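Colleague: Residues per chain are reported as follows:
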Amino acid sequence: MFGLIISLLVGKTIKASTFMPVQGSQVAAQVDSLYMFLLVTSAIFCVLVIGGLIYFVLKYRRKSDDDKTAYISHNNFLEFLWSFIPFVLFMIMFGWGWHVFHQMRDFSKDSLEVHAVGQKWFWDFKYKSGKSSAGEFYVPVNTPIKLIMTSKDVLHSFFLPGMRIKQDVIPGRYTALAFTPNKEGTYQVFCTEYCGDQHSSMLAKMKVVSQEEYEQWLQEDASAGLSLVEVGQKVYEQKCAVCHNTNAERKVGPGFAGLYNSERQFADGSSAVADENYIRESILVPGAKVVNGYPPAMPSFQGQLSEDELSGLIEFIKSLK
Amino acid sequence: MASSTHNYLNHEKGLWSWLTTLDHKRIGIMYMITVLLFFAIGGTFAMLLRTELIAPGETIFGAQLYNQAMTFHGAIMVFMVIIPGIPAFIGNFILPLHIGAKDVAFPRLNLLSWYCLIVGAAITFVSLIYHGSDTGWTFYTPYSIETDNGTTWVVLGAFVMGFSSILTGVNFVTTVHKLRCKGMTFFRMPLMVWGLYSTAILQILATPVLGITLLLLAAERILGVGIFDPKLGGDPVLFQHFFWFYSHPAVYIMILPAMGIISELITAFSRKTIFGYRAIAFSSIGIAAVSFFVWGHHMFVSGQSELAGVIFSLLTMLVGVPTAIKTFNWVATLYKGSVQFQSPMLYALGFLFLFTIGGVTGIMLATIGMDVHFHDTYFVVAHFHYVMVGGTLMAIMGGIYYWFPKMFGKMYNELAAQLSFLFIFIGFNVTFFPQFVLGAMGMPRRYFDYLPIYEPLNKISTFGAYMIGFGFLIGLYVIIDGLLKGPKASDNPWGAKTLEWQTASPPPHENFLTEPEVTAGPYEYR
Amino acid sequence: MSTDNTVTAGGHKHAHHFRDGLHEFEASKFGVWLFLATEILMFGGLFVGYFLYQSRYPEMFVEGASFLDWRYGSVNTIVLLISSLTMALSIHYAQKNNKKACVTNLVITLVCAGAFMVIKYLEYSHKFHLGLFPGEAFSYADAVAPNLAMYFSFYFLMTGLHGSHVLIGMGLIIWVLIRASKGEFNSEYYTPLEGVGLFWHLVDLIWIYLFPILYLI
Chain Z
1 MFGLIISLLV GKTIKASTFM PVQGSQVAAQ VDSLYMFLLV TSAIFCVLVI GGLIYFVLKY
61 RRKSDDDKTA YISHNNFLEF LWSFIPFVLF MIMFGWGWHV FHQMRDFSKD SLEVHAVGQK
121 WFWDFKYKSG KSSAGEFYVP VNTPIKLIMT SKDVLHSFFL PGMRIKQDVI PGRYTALAFT
181 PNKEGTYQVF CTEYCGDQHS SMLAKMKVVS QEEYEQWLQE DASAGLSLVE VGQKVYEQKC
241 AVCHNTNAER KVGPGFAGLY NSERQFADGS SAVADENYIR ESILVPGAKV VNGYPPAMPS
301 FQGQLSEDEL SGLIEFIKSL K
Chain X
1 MASSTHNYLN HEKGLWSWLT TLDHKRIGIM YMITVLLFFA IGGTFAMLLR TELIAPGETI
61 FGAQLYNQAM TFHGAIMVFM VIIPGIPAFI GNFILPLHIG AKDVAFPRLN LLSWYCLIVG
121 AAITFVSLIY HGSDTGWTFY TPYSIETDNG TTWVVLGAFV MGFSSILTGV NFVTTVHKLR
181 CKGMTFFRMP LMVWGLYSTA ILQILATPVL GITLLLLAAE RILGVGIFDP KLGGDPVLFQ
241 HFFWFYSHPA VYIMILPAMG IISELITAFS RKTIFGYRAI AFSSIGIAAV SFFVWGHHMF
301 VSGQSELAGV IFSLLTMLVG VPTAIKTFNW VATLYKGSVQ FQSPMLYALG FLFLFTIGGV
361 TGIMLATIGM DVHFHDTYFV VAHFHYVMVG GTLMAIMGGI YYWFPKMFGK MYNELAAQLS
421 FLFIFIGFNV TFFPQFVLGA MGMPRRYFDY LPIYEPLNKI STFGAYMIGF GFLIGLYVII
481 DGLLKGPKAS DNPWGAKTLE WQTASPPPHE NFLTEPEVTA GPYEYR
Chain W
1 MSTDNTVTAG GHKHAHHFRD GLHEFEASKF GVWLFLATEI LMFGGLFVGY FLYQSRYPEM
61 FVEGASFLDW RYGSVNTIVL LISSLTMALS IHYAQKNNKK ACVTNLVITL VCAGAFMVIK
121 YLEYSHKFHL GLFPGEAFSY ADAVAPNLAM YFSFYFLMTG LHGSHVLIGM GLIIWVLIRA
181 SKGEFNSEYY TPLEGVGLFW HLVDLIWIYL FPILYLI
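So the protein sequences, as listed, match chains Z, X and W.
By the numbering used here, the letter at position 110 of the first sequence is numbered 110, and the numbering carries on one by one without gaps.
By the numbering used here, the letter at position 170 of the second sequence is numbered 170, and the numbering carries on one by one without gaps.
By the numbering used here, the letter at position 157 of the third sequence is numbered 157, and the numbering carries on one by one without gaps.
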């Protein structure tokens, strides 16, 4: 109770979000109030225990080798008190936490649905209109959003710190996140379930924009007016950059510079020249020819790239010398 | 009591007599050597990880090596250091002495359990030949099924080490039930024994479930049985349920005996009887009992139902109550005591300081609406290091310094031991407190690379890690110096009341020259 | 460490940290019971997994069970029940200082255990012949359920883990059989026999649960 009052008083003066990321929704603000309450009660508890500890050890430090100490075996009232008060506090925390959690899991609203697919190591987004994007997606401000998510390979987790929400993404099943952004801006997306080598590079951005801007983005054809190489570069940045460098240096897979027309040695001892067909096959059926010394780690991109994007990507790789 | 020249250390001679010994004290010392060795390896991995994280991007090694170092740091510290650290090492040495027994109930099983640990560890390290393992110590499926390296060996190694834990548990429960000396009723046992007893129950009940889970995972990797593999109709989240059904109680396997040590240290160095003996004893059992029903709090965002999450949140809150009782009772024990700041006591006070912070952040994480933000961020990393290092490891260090004179009959350099504590304690806070803030800021765990905004705090954290490392190096010096050149210790250098101090230092082969008879509680400082 | 042991009336030396033979017997029995608890929890994990997937894929489990012949299972159940009885009898005769009857009963127990394993071998080879392997090796062409392999993963894991316990049990029975035939057990001392007996009853008990779950439901 005491903690509650203090937290309300302090909460007014200190901004609850001191160390928290930008507050992007109503729920985020609620989480931050809960955080403030927890922080203040915890601080009081720590001051009591650690303060009491320091006070006692200093006051009752050994003065001589034959100090007599008091024989106090127990005190039922005190022990009841310091189990009951924490219990009540814990129940308040539990109830408050439940309330906030319930807000997070509220899918009842008529929301804008966006599909998100996690895959080593990028996020793909798909809208009902057929628009799709990778690594970045747009949502309109003040609109309930529902993300319907699944994974193509292993567990991932979709974390939006600005909204204070996250949800594991599981292969073979859908999970969902609901939020209503109330502040325009760019929000960071992290993967928070360990998924291998480039787990920490599995990032994305969410842009919260006005309704008009959102609709405009939905309409625009991402590749209109771009050259093939530029289309390819865009695809590269969204889907390939996690594992492949634009120079010749090895990352997870080989670097792209100088790859075109080079002689490739495979794990089974055979070799081939990296022409257009070889690159195409490596993108669509990566397991068919694995270069010696590399793990067979690349996922297939069959069905994920349009014919234009594929040609663009091949032209982009060819352009890297 | 005059100390006899005949003791367990010179009872028999030669390496072979150690490797085939059935004496619980010698087995305890063998555990000490292995655990400290594994701790050095695990700690080296920790230093490498923190060095890599000193700046964003690649600094000393790439993502692949980072993930392997992260996995080995976790697996070594959990399975080879913290789980055997107190029960198998300190507990083995102290438990029979504490209850006035000549040995544990099954000395052969006791030796076998040490060999299980060694063989399990050896199997784990075989994985290094097959490109190591990069799953993290939690082995989450389906990543752990797919990843193409020596993960199977780590899994099988952990399985074998599980036997070590089970055998120790069976041994200790039987010992406590059947081998107490005359007059040693349950409520006259030192609280360390209560801690070890509740731990042993957890080891018996939880470890087999880990065993079958790891076997299933190995079968999944070798045969593709499909139970955890979504491609074959299995459920990857079921693995998490199985895994945490063991691994959450395992957290208490790590902390309960540490709490036992703290009760010993606080009473001995404040020369005062424990405040609320029964409350502390029963809260150990209470924590052990509730620990089986809280595993779901590791899975608030794993895709379990909202109701399940809420129930697990509620049950987890209940663990907080007995933990709070213990903490308050320890502080109350100091009241009107005669507190002496020897190095074991410094570790006990350090434990109380760090464990309190670890505890309150645990409650924050149990609050389900809050956990959704904190889950799998550095907040969690900081929390469990505060509990496991700030709690368990502090207790292990305190325990080593406390019982060192009993184990080896020698004293160590007190000043160096205090210096070591200072570096570890300050370094620990410098390392892990910033990680709470990093977690609140949203930095996910198990990240090889991070956004530039997280850089300053990561730099501080790495600096703190070096301080801890330096502190442990001093600690190593203290132990080796004490072993080689330490002055002779008296039988009861701390003036403590429990039974192990009533026999010689080091104790004779059968612990007591005449069977002790107990007539009062363990902390009768009157 | 044998020098530390104390000789008691029956010729057996109880270990130095026990007060007497009875104290040792009680502690050992207590320890065995604790170990049996771990065994039950280990199998418990498998049972939980089995029931979970059975409720998720009921048709697949029905199809899988149709490959199991309840007659083999029943014979095995009876064989194991007999072996449990003879195991108990061997302890009984050890307590009565009847060495011959004790050894005879142990031999019958061992024969029953062997018969169990032979029948298991026949069952396994029949399934392997059809291509009903666990996991990825599954090669039975006429399966209706797409993930029928999982049923056989469970079948082989559960019966395999149980079978390995039968084998370990046989090893333990051979050990006590040798000791019994040397006349080491008597009314004063039969601790190993009692422990092995408890283990063997547990192995039997697990089968009593496995049999209806796999063969009858």
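These are calculated hints, taken from the structure and not from any lab test.
There could be a bad hint or two in this list.
For each label pair, taking beta carbons as the anchor points, the in silico distance ranges come out as [unchecked claim]: (1) I129/X with S270/Z: 41 to 51 angstroms; (2) E59/W with N247/Z: 30 to 40 angstroms; (3) Y115/X with E136/Z: 53 to 63 angstroms; (4) N247/Z with V144/W: 46 to 56 angstroms; (5) E306/X with V47/Z: 50 to 60 angstroms; (6) F61/X with D69/W: 53 to 63 angstroms.
The structure displayed is predicted, hence computed values, not measured ones.
From the three backbone atoms N, C-alpha and C, an ideal C-beta is built for every residue, glycine too.
Colleague: 46 to 56 angstroms was suggested as the range; check whether the CB atoms of N247/Z and V144/W agree with it.
Modeller: Given about 54 angstroms between the Cβ atoms, the range holds.
Colleague: Does 53 to 63 angstroms hold as the CB distance between F61/X and D69/W, or does it fail?
Modeller: 57 angstroms, holds
Colleague: Can you let me know if the beta-carbon spacing of I129/X and S270/Z is within 41 to 51 angstroms?
Modeller: Hint violated: Cβ distance 28 angstroms, outside 41 to 51 angstroms.
Colleague: Lying within 53 to 63 angstroms: is that true of the beta-carbon distance Y115/X to E136/Z?
Modeller: The hint (53 to 63 angstroms, Cβ to Cβ) holds, given that Y115/X and E136/Z are roughly 56 angstroms apart.
Colleague: Can the suggested window of 50 to 60 angstroms be confirmed for the beta-carbon pair E306/X and V47/Z?
Modeller: This hint is violated: roughly 35 angstroms between Cβ atoms.
Colleague: Is 30 to 40 angstroms respected by the C-beta to C-beta distance linking E59/W and N247/Z?
Modeller: 55 angstroms, violated
Checked against the numbered hints given earlier, the structure breaks hints 1, 2 and 5 and satisfies all the rest.
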